[in-house]
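**Q** According to my numbering, the sequence shown is numbered sequentially starting from 56.
Hints listed in this document are in silico derivations from the structure and should not be mistaken for laboratory results. A quick note: this is a predicted structure, and the numbers were derived from the prediction, not measured. In this text, a Cβ means the ideal position worked out from N, Cα and C, and glycines have one as well. Among the hints, a few may not be true.
[Stated by the list, open to error] Here are the computed distance ranges between Cβ atoms for each label pair:
| # | residue 1 | residue 2 | range |
| --- | --- | --- | --- |
| 1 | Asn103 | His152 | 22 to 30 Å |
| 2 | Gly312 | Ile200 | 19 to 27 Å |
| 3 | Pro130 | Ala291 | 54 to 62 Å |
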Amino acid sequence: MYNRSRIQQYDFINLTSSDPSDPPFQSLTFLDNRIVQSCHGLMLLHSNSGRYERSDNYCVYNPTTRQCLILPPFPVNEVFNAICGINLAYDPSKSPHYKVICVRGCENLEEGDFQIEIYSSKIGFWRKSRSSGIFTAHYETNFGIGTFWNGALHWISPCDGSLYFDVDEEKVHDLPMPAIHADFRRRFRYFGESRDHLHLIEIYGPCTALFNVYEMERDYSGWMIKYRVDLLSIAAAFPEMVRSYRDPLMEYLCYYGFSILSIVREEEDEDSYLVVHIPNKAIRYNFKDKSFGRFMNLLRLVSKLKSRAHLNINGVMLFNTLKVLHMFDHVSVDQKSVQFIIVGYCYLLAT
Numbered sequence: 056m057y058n059r060s061r062i063q064q065y066d067f068i069n070l071t072s073s074d075p076s077d078p079p080f081q082s083l084t085f086l087d088n089r090i091v092q093s094c095h096g097l098m099l100l101h102s103n104s105g106r107y108e109r110s111d112n113y114c115v116y117n118p119t120t121r122q123c124l125i126l127p128p129f130p131v132n133e134v135f136n137a138i139c140g141i142n143l144a145y146d147p148s149k150s151p152h153y154k155v156i157c158v159r160g161c162e163n164l165e166e167g168d169f170q171i172e173i174y175s176s177k178i179g180f181w182r183k184s185r186s187s188g189i190f191t192a193h194y195e196t197n198f199g200i201g202t203f204w205n206g207a208l209h210w211i212s213p214c215d216g217s218l219y220f221d222v223d224e225e226k227v228h229d230l231p232m233p234a235i236h237a238d239f240r241r242r243f244r245y246f247g248e249s250r251d252h253l254h255l256i257e258i259y260g261p262c263t264a265l266f267n268v269y270e271m272e273r274d275y276s277g278w279m280i281k282y283r284v285d286l287l288s289i290a291a292a293f294p295e296m297v298r299s300y301r302d303p304l305m306e307y308l309c310y311y312g313f314s315i316l317s318i319v320r321e322e323e324d325e326d327s328y329l330v331v332h333i334p335n336k337a338i339r340y341n342f343k344d345k346s347f348g349r350f351m352n353l354l355r356l357v358s359k360l361k362s363r364a365h366l367n368i369n370g371v372m373l374f375n376t377l378k379v380l381h382m383f384d385h386v387s388v389d390q391k392s393v394q395f396i397i398v399g400y401c402y403l404l405a406t
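Could you build the full structure based on these sequences and the hints that come with them?
**A** Next comes the structure, spelled out in structure tokens:
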């Protein structure tokens with residue numbers, strides 16, 4: 056009898072250096088683990104073990120030192136028995152210790168109460184949040200994808216009710232969002248942090264390549280428009296980005312096939328840029344002068360990965376359209392900050 060293990064393999068595309076021979080690490084290989092989140096150089100990994108009975112395991116991994124800490128099991132909670140999301144909170148400029156924030160809810164409850172539990176690497180066990188207590192949130196709030204910024208974890212919702220959790224105060228607050236039409240449902244295309252700035256991109260309708268990049272004020276007074284983006288020049292240079300609807304009633308319309316991988320803020324703001332995925336390519340778009348260039352041809356990379364594995368490739372993986380790329384935030388290596396796209400693939404190993 057064979058047991059099958061899923062091997063997760065990740066390579067890196069360096070976004071901050073033109074010299075690919077000098078990355079802090081060449082690749083990572085995980086057995087039955089997937090990357091849940093990264094936060095200032097640490098990764099939160101998840102594995103699901105047990106063939107017949109589900110058993111979730113989480114660990115915090117440092118890819119530069121290759122140290123891994125397996126988190127203790129979650130405390131038994133008969134009321135809040137559903138795990139809604141787990142996120143890392145880590146700021147190495149303030150403390151060498153990190154925290155893992157777990158949001159728990161009740162099963163089969165569309166909208167209701169939630170509770171937060173915290174694991175601290177300083178004390179080594181889970182405990183309930185002291186100040187947040189039980190709070191109410193919309194059932195569509197995405198607790199599984201939190202962004203750590205300004206000492207808080209931020210969770211967005213397609214409906215009213217985006218929130219942030221101050222990690223030190225252990226309090227939940229409402230997160231203001233840009234105004235939209237009353238009949239619209241929010242359509243987030245990007246939400247993330249770079250160089251201590253929180254950014255948001257919302258795009259309404261696929262037939263546009265024009266959009267704004269919002270930045271949150273540090274006092275949470277609101278969002279300001281930081282950049283205005285025009286991807287029409289990229290669409291002209293790479294016509295495969297322009298797609299047509301299959302519906303004959305809409306054949307006169309086109310839409311733009313792209314996804315936002317990351318916003319990269321540089322020390323000099325004029326050097327800041329957007330990383331965009333279009334079919335089979337990763338594009339760098341400069342905010343200030345609207346120039347752009349190709350990072351690499353992803354088809355060539357996927358062919359390389361397939362030839363290396365010699366086994367069943369699960370393909371390319373990311374958010375909606377791209378299934379291969381994960382964005383990995385800043386990693387400190389010898390006091391240098393670098394940023395990568397994680398390119399992942401997996402295959403089955405029979406043992």
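**Q** Run every hint past the structure and note whether it holds.
**A** Tested hints:
1. Asn103 / His152: 22 to 30 Å: 27 Å, holds
2. Gly312 / Ile200: 19 to 27 Å: 22 Å, holds
3. Pro130 / Ala291: 54 to 62 Å: About 56 Å separates the Cβ atoms of Pro130 and Ala291, which means 54 to 62 Å holds.
Of the hints listed earlier, there is not a single one the structure fails to meet.
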